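Chain G is fixed; fit chain P onto it per the hints.
Top line first, the protein sequences correspond to chains G and P.
For what it's worth, the numbering used here labels the leading residue of the first sequence as 91, then goes sequentially.
For what it's worth, the numbering used here labels the leading residue of the second sequence as 5, then goes sequentially.
Hints are not guaranteed to be accurate.
Result set (DSSO-like, lysine-lysine): computed pairs, CA atoms no more than 30 Å apart in a straight line [said to hold, decoys possible]: (1) P:18 <-> G:158; (2) G:126 <-> G:158; (3) G:116 <-> P:18; (4) G:116 <-> G:158.
Quick caveat, the hints were computed from the structure, so don't treat them as lab data.
Note that the structure is predicted; figures quoted are calculated from it, not measured.
Spelled out from the first residue to the last, the chains are:
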Amino acid sequence: MNARSPTSPVEVRVLSGTGVCGSGFKESSLEAGLAKRPHFIGCDAGSTDPGPFALGTGGTAFPVRAIKRDLRLMLRAARRAKIPLLIGSAGTAGGEPHLALFGRLIEEIAHEEKLEFPMALIHAEQDKEYLKRRLREGRITPLSPAPDFDEQTIDRATRIVGMMGDEPWLRALDQGAEVVIAGRSSDCAIFAGIPTRLGVDAGIAWHAAKILECGAAAVISRPSPDCMFATLRGDHFDLEPLDPALRCSPLSVAAHSLYENADPFRLVESSGVLDLTHVTYEALDERRVRVRGSRYEPAARYTVKLEGAELVGYQSIVIGSIRDPYIIRQIDSWVERLTERVRGRVADVLRGDPAGQSYVFNVRVYGKNGTMGALEPVTEIRGHELCLVMEATAPSQEIATTIASMARHQALHLPIPEWRGFITGMACPYSPAYLERGPVYRFCVNHVVEPDDPYEMFPIEHVHVGN
Amino acid sequence: MAKLGELARLIRSKNAGPFELTFDIMFDDPASFERVRASGALSREVIARIYHLATKDVKFFVVPDALAFKASIPRPRFQSDLADSDNHGGQQYAPLIDIEIA
Chain G
91 MNARSPTSPV
101 EVRVLSGTGV
111 CGSGFKESSL
121 EAGLAKRPHF
131 IGCDAGSTDP
141 GPFALGTGGT
151 AFPVRAIKRD
161 LRLMLRAARR
171 AKIPLLIGSA
181 GTAGGEPHLA
191 LFGRLIEEIA
201 HEEKLEFPMA
211 LIHAEQDKEY
221 LKRRLREGRI
231 TPLSPAPDFD
241 EQTIDRATRI
251 VGMMGDEPWL
261 RALDQGAEVV
271 IAGRSSDCAI
281 FAGIPTRLGV
291 DAGIAWHAAK
301 ILECGAAAVI
311 SRPSPDCMFA
321 TLRGDHFDLE
331 PLDPALRCSP
341 LSVAAHSLYE
351 NADPFRLVES
361 SGVLDLTHVT
371 YEALDERRVR
381 VRGSRYEPAA
391 RYTVKLEGAE
401 LVGYQSIVIG
411 SIRDPYIIRQ
421 IDSWVERLTE
431 RVRGRVADVL
441 RGDPAGQSYV
451 FNVRVYGKNG
461 TMGALEPVTE
471 IRGHELCLVM
481 EATAPSQEIA
491 TTIASMARHQ
501 ALHLPIPEWR
511 GFITGMACPY
521 SPAYLERGPV
531 YRFCVNHVVE
541 PDDPYEMFPI
551 EHVHVGN
Chain P
5 MAKLGELARL
15 IRSKNAGPFE
25 LTFDIMFDDP
35 ASFERVRASG
45 ALSREVIARI
55 YHLATKDVKF
65 FVVPDALAFK
75 ASIPRPRFQS
85 DLADSDNHGG
95 QQYAPLIDIE
105 IA
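One chain only, chain G, in its complex shape (with noise of 0.2 Å):
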């Protein structure tokens, strides 16, 4: 890649194509952003933010419809102008089958469209026994808080990918692609190699990466995900927003670097920290913002931030209601009630079977505290109905649903004594009354890997594309 001229600085452009590939954009914006003369357009395809399911199940958040939908126009995009596409942390999770969807749906658009290119697949699905060695020989530390991490959670694990840095992007782009697919990727280092590769400041290039991987977030009101454009030379980056209805300013660019972030001013990559300390923001107009002052600090080691799933169980659920005020007035008594006639019930029909010691039966009380559980400040029920969610993991999912079932049995008729006779003291909206959740998930690492070089966790593989 050798787009710097000596005659000239170097500016280097680049189009976001939304802040997740598969929750939309609008076509105008796009071609708005190729008519600006992008050096390359890329999308964030992952996060965490929908729980551990994706990574457990290998499934995604959005639907593959919306998926194949934003990957046609941004492909077509990029053919269209000879410039490379990145998109990263494919799937949601950027697991194995997470990047085995998405290079397949390349090239089922590929195929429809008529189109033929140089592609990589950068995996990030990490080696079970590549981690135990590394764990072994100390290089895998907690970050904070992190839940416990040995070889038997390895072991347990259903998959564990490593987030990469810019490097394997780069490399694959060196290596010939001009589409690139990667598995579990640092969102900014989808948009961060190309403009340092060529010559930009760090510090505005990993800022700029960090505003534009969420796509037009940082405008001031954003009805619909949307494409984002920024500028980068010098000393700064300009950022400005493909929808003529969208506007950013410098306090809703400043504003956006606090979200879903710890810290809103120190960012940590695995190549080293984005210090946002002496940023500053300035109106070029009424929608363009120019941001300087941001500052890249090289890390002393280079370390991979770990994600990882284990199955915890299957689920079943009873979802109810309950309208009659005596037995709301008493609703944690009858929980606890409701819980010991569901342990007898167990012991009676799991008698033998070891699933019956491992089940974990549990009833959220919306109306009290079901969103808060025990941080809930407000200690009395100020509303006339209660919504109950009887919940039931189990090691099978025939177990999880044949305690749901007798948890429904025993809340529809649990007595309270100011009623005498055989009540039904729970509406169930539902027949039958239980739902399967299938199996659940939980994130059981949070912790850095300290490779020999950015490249040996995310292998690369090049697939030529069409005919």
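Coordinates of chain P only, in the frame set by chain G:
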């Protein structure tokens, strides 16, 4: 006196990854932001008390460029653990709304 919710343009909570929860308290105008800052009613200690934490476990930031305060805490339950009730962490800010500002 006014409640924090009446002065802020936005109070929100959200996951900062699966293991931390972060709160943003943002203002439209410098006067409201400065009023809250001067009142001292929003602090590391107040966040620690509301979320039942030791003060040292709360990160607290004043971000004047964004007219915002920010606090980050270890998640009360890791995201999506069985006892977690808020997978996105989006509804944990409600007690902040009622903080009284002089």
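Q) Looking at the structure, which of the earlier hints fail to hold? A) none
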